[in-house]
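Novice: Residue-level listing of the chains:
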Amino acid sequence: MERPLKQIHLAAHFPGVNNTTVWSDPAAGSQIEFDSFVHLARTAERGLFDFFFLAEGLRLREHRGRIHDLDVVGRPDTLTVLNALAAVTTHLGLAGTVNTTFNEPYELARQFASLDHLSAGRAAWNMVTSSDAFTGENFRRGGYLDHADRYGRAAETIATARELWDAPNGRFTHHGPQFDIAGVFDVPRSPQGHPVLIQAGDSDAGRDFGAAHADAIFTIHSTLEAGQAFHADMRARLLRHRRGADELRILPGATFVLGDTDADAHERADVIRHQQVGPQTAIAFLEQIWGRDLSAHDPDGPLPDVDPDPDAVITRGRVRHGDPAAVAKLWRETAEAKKLSIRELVIELTGRQSFVGSPATVAAQIDEYVQSDACDGFILVPHLTPAGLDEFVDTVVPLLQERGSFRTSYTGTTLRDHLGLRRPDHAAGRAAAS
Amino acid sequence: MSTLRLAVEIGGAGHHPGAWRHDDAHPGRLVDAGYHVELARTAERATLDFVAIPDTFAPPPAALPPSARGRLDAVAVAARVAPVTSGIGLVPTATTTHTEPFHLSKAIATLDYVSHGRAGWEADVSRTEAEARHFGRKHAAPAEDLYAEAGDAIEVVTRLWDSWEDDAVIRDVATGRYVDRDRLHPIDFTGAFFSVRGPSITPRPPQGRPLVVVRVDDDPAWVPAARYADVVRTSAPDLETARSFRARIRAAVEAAGRDPDAVAVLVDIATQLGRSADDAQRTWNELDRLGGRPWRPESSRFAGTPSGLADLVEEWFHEGAADGFVVRPALLPAGLTALADGLVPVLRERDLFRHAYPGRTLRDTFGLARPASRYAA
Numbered sequence: 016m017e018r019p020l021k022q023i024h025l026a027a028h029f030p031g032v033n034n035t036t037v038w039s040d041p042a043a044g045s046q047i048e049f050d051s052f053v054h055l056a057r058t059a060e061r062g063l064f065d066f067f068f069l070a071e072g073l074r075l076r077e078h079r080g081r082i083h084d085l086d087v088v089g090r091p092d093t094l095t096v097l098n099a100l101a102a103v104t105t106h107l108g109l110a111g112t113v114n115t116t117f118n119e120p121y122e123l124a125r126q127f128a129s130l131d132h133l134s135a136g137r138a139a140w141n142m143v144t145s146s147d148a149f150t151g152e153n154f155r156r157g158g159y160l161d162h163a164d165r166y167g168r169a170a171e172t173i174a175t176a177r178e179l180w181d182a183p184n185g186r187f188t189h190h191g192p193q194f195d196i197a198g199v200f201d202v203p204r205s206p207q208g209h210p211v212l213i214q215a216g217d218s219d220a221g222r223d224f225g226a227a228h229a230d231a232i233f234t235i236h237s238t239l240e241a242g243q244a245f246h247a248d249m250r251a252r253l254l255r256h257r258r259g260a261d262e263l264r265i266l267p268g269a270t271f272v273l274g275d276t277d278a279d280a281h282e283r284a285d286v287i288r289h290q291q292v293g294p295q296t297a298i299a300f301l302e303q304i305w306g307r308d309l310s311a312h313d314p315d316g317p318l319p320d321v322d323p324d325p326d327a328v329i330t331r332g333r334v335r336h337g338d339p340a341a342v343a344k345l346w347r348e349t350a351e352a353k354k355l356s357i358r359e360l361v362i363e364l365t366g367r368q369s370f371v372g373s374p375a376t377v378a379a380q381i382d383e384y385v386q387s388d389a390c391d392g393f394i395l396v397p398h399l400t401p402a403g404l405d406e407f408v409d410t411v412v413p414l415l416q417e418r419g420s421f422r423t424s425y426t427g428t429t430l431r432d433h434l435g436l437r438r439p440d441h442a443a444g445r446a447a448a449s
Numbered sequence: 005m006s007t008l009r010l011a012v013e014i015g016g017a018g019h020h021p022g023a024w025r026h027d028d029a030h031p032g033r034l035v036d037a038g039y040h041v042e043l044a045r046t047a048e049r050a051t052l053d054f055v056a057i058p059d060t061f062a063p064p065p066a067a068l069p070p071s072a073r074g075r076l077d078a079v080a081v082a083a084r085v086a087p088v089t090s091g092i093g094l095v096p097t098a099t100t101t102h103t104e105p106f107h108l109s110k111a112i113a114t115l116d117y118v119s120h121g122r123a124g125w126e127a128d129v130s131r132t133e134a135e136a137r138h139f140g141r142k143h144a145a146p147a148e149d150l151y152a153e154a155g156d157a158i159e160v161v162t163r164l165w166d167s168w169e170d171d172a173v174i175r176d177v178a179t180g181r182y183v184d185r186d187r188l189h190p191i192d193f194t195g196a197f198f199s200v201r202g203p204s205i206t207p208r209p210p211q212g213r214p215l216v217v218v219r220v221d222d223d224p225a226w227v228p229a230a231r232y233a234d235v236v237r238t239s240a241p242d243l244e245t246a247r248s249f250r251a252r253i254r255a256a257v258e259a260a261g262r263d264p265d266a267v268a269v270l271v272d273i274a275t276q277l278g279r280s281a282d283d284a285q286r287t288w289n290e291l292d293r294l295g296g297r298p299w300r301p302e303s304s305r306f307a308g309t310p311s312g313l314a315d316l317v318e319e320w321f322h323e324g325a326a327d328g329f330v331v332r333p334a335l336l337p338a339g340l341t342a343l344a345d346g347l348v349p350v351l352r353e354r355d356l357f358r359h360a361y362p363g364r365t366l367r368d369t370f371g372l373a374r375p376a377s378r379y380a381a
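Residue numbers (this note's numbering), protein chains in the order written: chain A, 16 to 449; chain B, 5 to 381.
To be clear, the hints were calculated from the coordinates, so they are not data collected in a lab.
Predicted, not measured: the structure shown is a model, and the values here were computed from it.
For each residue, glycine too, the CB sits at the ideal point set by N, CA and C.
Incorrect hints may have been included.
Examples of chain A residues lying across from chain B (beta carbon under 7 Å, computed) [said to hold, decoys possible]: (1) 82; (2) 88; (3) 184.
For reference, chain B alone in the conformation it holds in the complex (with noise of 0.2 Å):
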């Protein structure tokens, strides 16, 4: 059996739309460098796989007033943890719709390298109209299209990963070369959307490829996410559903030519810890309130007591529903602490989490190795 996987997802004030107007939020504080930095530290305390730091290119919510809006670039929010974290996985969210692949590549390449490896990145789609007149170069596309062109932007983002070998730079004084330039590869990509020559800029990072992460929701996602995805994000509203995209997912990894376990899948699940059920069913009911209408998400949710969350937690992972779970936190910071003081310690009470990290590197957590250039003879 695999190992249970579990991380956090740190956006906006909480995961509940009503969640910043909660007195225990700090909605004037998302654009500060130490609040990121509190979440990711709580989540490291707590030995998580990593902290997703969703993001996008869409207006913010209507409903926010702009002192509550503070978001900022995902990939820039990570970096700045980086230095001031040795632990927990870094996964910025990164589009793939309006940005360049050449880009993102360094970008994640370089996180990697700041946080020495524990980079990874969750590629997304900008599906709305609103987001493409942000850039205004193109219109709005169907998914298909979207999750094409994402497919060719993590085929380029892990080629030019791989475009320098992991020995390419050999400061050999006697005949003057810095780097081996037969070992350095142009990538030659052309396709559908954009093609990209390389090399990258940027030398071969510590993990060699960092983690991609893709969300299956739509039908369309699931060709990249079979082809490419080191960890699956899914919704998913009780333990059959999840079982069944589990399995389905995993035959469709397998078509690909990838090994299933390999690859871990993660339900996404909204909490709201408390004393007893009641209690936290009482903050969940309150955040409805200041939401102004009950909000339920589309995956599955859990308002109830650190032990109940366990057995769910438990449930699930041995029935084969999922190899572990993204919690999303109704209220942030409380949440995510209720995670770490509440959650966690009965989890390893149990034998089901890990005491410390097993490594360094976000592949050393997921028990991946690292893998060696494609372009490496």
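Here chain A stands alone, though its shape is the one from the complex (with noise of 0.2 Å):
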């Protein structure tokens, strides 16, 4: 007998400042003024998403000592964001990320014990630490944490927020090696119990993190056999941690380009990849992994002939992938096989869409990777800004909802309904906390 399709959950990700955003397309709009933020939510609620999903960074990037100009720069303030949306939504769940580095529990439960009354139980906190010095000179507190306490300070925070959260009339005690605290806590229990929380994050510890603790992971889109492994493995870690396979939700980042047939979709897709990764991109990312200056190099010419420098570090607040100099081997072999300049070379390998099609081919994509158990949904990340989604929602969703794999209207009120998520209540709350 088949098993019952599986409902997949969908989530918006309001396009962010990395190049994936195109903000030189006659059509991008502000990415700051807040009707771009009512136009993706409300059409991610005509769609019938779970979340809608917010970004953070808190300092700038920089780029061989300057602010890094050639991608969008700034956005607002997340969890007021957020507030302001619930004014315009009435059930798309309101996720942000906030980081526990340079912020207190208290503070924290607070806040998203306020996003969620106010969202009658919409709130979810994507929870990012982070132990960047760079950012730390923002804050009073500055850039003290070590790398090893990351996850220690963010298994403490979600501790201490759910004591707070579960605090029986507010009163609460908390010591522990990141924070020793006690007092009441003033906000009345909110709708969901506590705000779902998504953990972002890759490596071992983090998905170790998440196995303990998280509603729903945010993880990165890749084939569907490692993402069958990914899911596999965190069943695992959920067993390990006496959880069941239902508790956690696995929800890549995926980028997506429609068209009206396969092949129109793959010239549009090259078209916005020409868009994202234009003369002076191609050089940063070349420089970025590089370590060196390289803007004296024709973007439409061959890879430099000198190496990297192993030493360099010339992009801040952002994070970096693997060891410089086997990227580059491997860049280099890459450009040589497929005769690449640096421009393509650097669309080849970094901006490739996740889903390129009709959308009925992303649509039969999409729910292949739900049905195969690769993941259980997607945070989907449009590469404009407000109208990035309209076109997905009006073609691809319909024809979700006619394999049978995505709801058709909104069954409950609160984000925990959308996912399928018990509200935890107050005896396990404690439990857990303890």
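Make the complex out of the two chains shown on their own, each in a separate frame, by following the hints.
Specialist: Structure (structure tokens):
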């Protein structure tokens, strides 16, 4: 007997401050005006998405000692935008990324409980933790956190927040290595009990943290097989933490390009990749890996002959992937094998969209990922603000509904309802926190 | 003569400590968005200058049962109200003692974006050890230190608002540049309590700088108020005290190199309006009984008719005792409805108060020009 269709969970990521977001297109609107956020959130709600997602960065990125000026720069305050969006939406979950390093649990617990009340049960917290001294220069406590303490602080932050949310009559006492606090929490228990907790991070420690604490994981998109392996790994980790496999949603981030036909979509995808990786951006990518000033090189010419400077870090405020020497070797081999210029190489290696095709093709691919347990859905990242999700909602969502794997109306009111997650009871919360 | 200012503070079930027990209060709704929206819309119908949304990290009063606590983050409440109002100023309290100036700056800047230019910020301090224990990072400090730190925090917050010049986003396709980084400025603040590098992550807000409100009851609050406040709040039990305070704070503002006519001095007044003076006093007495003791606020208090309150407002305003008032209704929401339907029509009849907002932003309401960034060439 076939198992019933899994229901797909979809979320909308507001276009971020990296080169995925195309600002040069005539259709690209404001990245900061509230109307842009309203448009995208209402589109997601029209499409019956589970939630709207905001990322966070607390220091402007720098490249070669100056503010990186080739991508979108600047964004509003996460929680303030989400509280305002609660006024213009009714069902859509509202997920905010907020750092635990530069905030204290009492204030964080209060802010997320406030959002949960003001949205009538739609709050989610994507908890990130940094040990980044560069970002720390904007804060009174500075970049004091050792890298090894990151997940310790994150775990103690969520444990402490849960103690506050669960505190009988608000009274709490917490003594731990990171926090030694006591008093009265003044926000009554919020509609979801605890806001939905999201964890982003693919390292071993990150996966374990997610298995122990998170309601949803924001991971990176990869092949179907890699997704299945990740899913299986997380299921095993959940069991080790005495949690059921249905207590965690796995939601990779994904980009998409649609067209009337698959061929149209691939043509558009190529145009978008060239918008995302302009000549200057191609050189900046190369400089980030090479650790050198390569501004004299022609982006339409071959890779430079020099090797990367292994010790140089010329980009700050951005996650760094892998060992530069190894990455450079791979890049050089790919360029030679495929006879690619610098720009074409960067497009080839960094610019691939997750889903490219007609609405029918994309709907089928998304459904296949979910039904074959590569994930439970996707956090979609449009490349355009604010209309980048319109076409998906108008064309792909109806096809997913026809397939029987996506809701045709909201059946609950809270984000926990949408995600099929239980509302934590007081006793369970206290046991987990002790 | 300046324009009369009227604001309302919307905290708890009302300003009177016995309010939450009253039949007309809604203590259970304090955590509902709809409750705050209704209050803000009533204030907007009355064309008040702003709603003040109080906040503190202090534990709730011990007398309050958990069912009547219901205090939410004030910036969050203001943001939730912003998209469903259009004229009223939104002034949440956010404290500086245990918070990060960088976060405060972008939160208020963003409130300015989501309200299309109606944000203000009341900067306050956390005085008690109970508040310090909620954070566990330091002990309670003397008021002198708290206000010195608050002054530094306001300096940092306002520098961060200015750290993006207005035209920093250029979207220059030819050169591939989204932003002109020469128009983004580090603020490089170093003080006794913290240092902040900047620039902000949030572009310059619609008003340039949202209005800064500072309450001056303690001596140490004078320094940041004189230096930074667009609006000064104070307590004064009578007209003479208020007039003397206003003259001194205006002198202090001038001594700090600022224009005293650009700073509004608002006196807190606790009110209970009724059809007759007796009627109003009866309700006040009832609140006293519910609160378990006769309660008299530090600042002035009025229980009487709308026209009686209009007389008081007119007298204090014309005598130079205040540029206006922050009304603290003893009981909410009824006390605010009484302002909108009772006091404000009387003041309008006397040509003392506006019939409509003069512009779109809170600066427009206060007749204050949008300031240029201090970093603009």
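Novice: Against this structure, judge whether each hint is valid.
Specialist: We went through each hint and held it up to the structure:
1. Hint status for residue 82 of chain A: holds, given a least beta-carbon distance of 4 Å to chain B, under 7 Å.
2. With its C-beta approaching chain B no nearer than about 4 Å, residue 88 of chain A sits inside the 7 Å limit, and its interface hint holds.
3. A cut of 7 Å between beta carbons decides the hint on residue 184 of chain A: the least distance to chain B is about 5 Å, and the hint holds.
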